[in-house]
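Here are the chains, one letter per residue:
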Amino acid sequence: MDFLEGNLELRERQRLEGHTDRVWSLAWNPATGVCGIPAMLASCSGDKTVRIWQQGPSGSWDCSAVLEDNHTRTVRSCAWSPSGKLLATASFDATTAIWECVGGDFECVATLEGHENEVKSVSWDASGSLLATCGRDKTVWIWEMQPGNEFECVSVLQGHTQDVKMVQWHPFMEVLVSVSYDNSVKIWAEDGDSDDWHCVQTLNEASSGHTSTVWAVSFNSNGDRMATCSDDLTLKIWDTSAKASETSGSSCGSWRHLCTISGYHDRTIFSVNWSRDGVIASGAADDAIRLFFESKDNSVDVPSYKLLLKKEKAHDMDVKLSAMESKGT
Amino acid sequence: MVTGLINANPIVYERKERRVRSAPTDIDEYAEEPIDQLEIFDHIRDIKDPEHPYSLEELKVVTEDSVEVNDRHSYVRVTFTPTVEHCSMATVIGLCLRVKLLRSLPSRYKVDVRIAPGTHATEAAVNKQLNDKERVAAALENPNLLEMVNECLAPTFA
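Protein chains in written order, with UniProt numbering: chain A, 1 to 329; chain B, 1 to 158.
If you're looking for bench data, these hints aren't it; they were derived computationally from the structure. Just so we're clear, the structure is a prediction, and the values are computed from it rather than from any experiment. C-beta: ideal position from N, C-alpha, C; glycine also. There may be inaccurate statements among the hints.
As the list claims (entries may be wrong) - In silico negatives: residues of chain B with every beta carbon more than 10 Å from chain A:
1) P10
2) V12
3) R15
4) E57
5) E64
6) N70
7) V92
8) L105
9) T156
What the hints assert, rightly or not - Short derived list, chain B residues pointing at chain A, Cβ under 8 Å:
10) K110
11) D132
12) A137
13) A138
14) E141
From just these sequences and the hints, can you work out the full model?
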């Protein structure tokens with residue numbers, strides 16, 4: 001499909017109601033929606049619960065489970081393991097809970113403690129054996145899953161000078177990216193020799209980085225580009241020459257600024273998501289969703305991204321989106 | 001806890017006389033009146049200062065002119081002036097303004113709260129916190145802070 005031709009439209013299919021406070025984040029279960037398995041979605045909220053939604057045979061979505069009586073404050077972020085069997089939920093109550101799906105029911109099988117205050121994001125790596133969390137205490141924690149749903153903290157990464165807003169693993173490399181209120185993006189990898197995790201690169205203002213809080217990051221499907229979004233009203237595209245075969249720390253730190261998408265947003269961009277088809281979606285504080293695509297006809301070397309469409313009033317309030325689905329606060 | 005007040009002797013100003021709104025000549029009962037500067041100021045003028053038994057209006061922390069509103073674009077900006085340059089209550093005052101406007105205005109409204117330029121030592125840092133939705137939400141889950149904010153807002157709901 002050539003996105004740049006013709007009229008694109010974003011239509012709301014259904015409004016999922018149930019949460020009693022703002023919805024902060026959601027995540028698609030990766031093992032569903034294919035091979036006849038009905039699609040499954042998890043949403044987490046300021047009402048301290050997580051809701052699981054499933055698409056029924058008629059195509060409409062229903063809430064199939066409510067994960068409650070666990071977190072004591074806002075649940076800020078959730079992430080499914082690659083197998084789709086586990087769900088990690090990060091909360092302002094400083095804990096991260098791990099839930100296991102057993103025949104439609106969810107049971108909390110582990111609670112990760114350690115952060116000093118609000119945990120803001122959680123991400124599983126491609127293998128499903130590592131989990132990363134981050135929070136207002138300025139740290140990023142890496143946990144390793146052991147047999148019996150036990151989790152061991154492998155490393156506490158210091159380096160950010162402020163609140164860390166989001167962590168995201170590379171789609172296939174053991175490389176972690178974190179973005180922060182300190183306006184920077186950090187790349188973390190394991191040192192080949194010592195198995196110590198450390199910061200291999202920092203993308204800040206000096207590297208053509210953001211000039212205000214960076215809220216989110218999303219990799220493209222190839223893993224050779226990533227998009228970041230910020231309170232500075234821009235999206236930035238970064239690329240790397242590091243190859244999948246080179247897993248040593250030094251080559252992972254070769255991200256460079258490719259281009260900046262500016263002039264399209266006039267309020268904080270909270271969320272960005274790079275779809276498998278290459279469409280970059282942004283969710284912003286002006287209640288709108290914008291879709292961008294790389295424009296190919298270019299006489300210049302530097303890639304540029306065109307706005308495909310802007311959906312105003314996509315929600316009644318600010319938009320944060322996840323994997324081509326969005327929810328309002 | 002600091003035992004002494006940060007600003008023990010604030011300057012107290014006289015309250016501005018409240019303008020009585022005149023009844024509109026054409027009464028269309030179903031038309032929504034656009035929200036204007038005075039209406040927004042009315043929401044915030046009686047917020048109590050966290051430290052002193054005076055309102056933000058009496059201490060000139062906010063004035064009618066410190067409110068910029070564009071109803072058509074559902075946008076409001078409030079610029080407040082702390083009484084002292086090193087006022088550590090600045091974030092609390094900012095939070096009070098946010099919460100009061102959140103509770104009083106239609107949900108379509110986008111609110112910016114800022115410190116008047118040049119009136120505070122860590123203005124950029126305070127502004128950044130006040131305009132970070134996640135930080136504000138987390139702060140308001142702190143029961144002690146929430147209680148302080150509610151106490152400051154109590155006179156405005158009378």
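Against the structure, the hints come out as follows:
no., hint, result
1, P10, "32 Å, holds"
2, V12, "37 Å, holds"
3, R15, "34 Å, holds"
4, E57, "29 Å, holds"
5, E64, "25 Å, holds"
6, N70, "13 Å, holds"
7, V92, "18 Å, holds"
8, L105, "12 Å, holds"
9, T156, "23 Å, holds"
10, K110, "7 Å, holds"
11, D132, "7 Å, holds"
12, A137, "7 Å, holds"
13, A138, "5 Å, holds"
14, E141, "5 Å, holds"
Violated hints for the displayed structure: none, as all numbered hints are satisfied.
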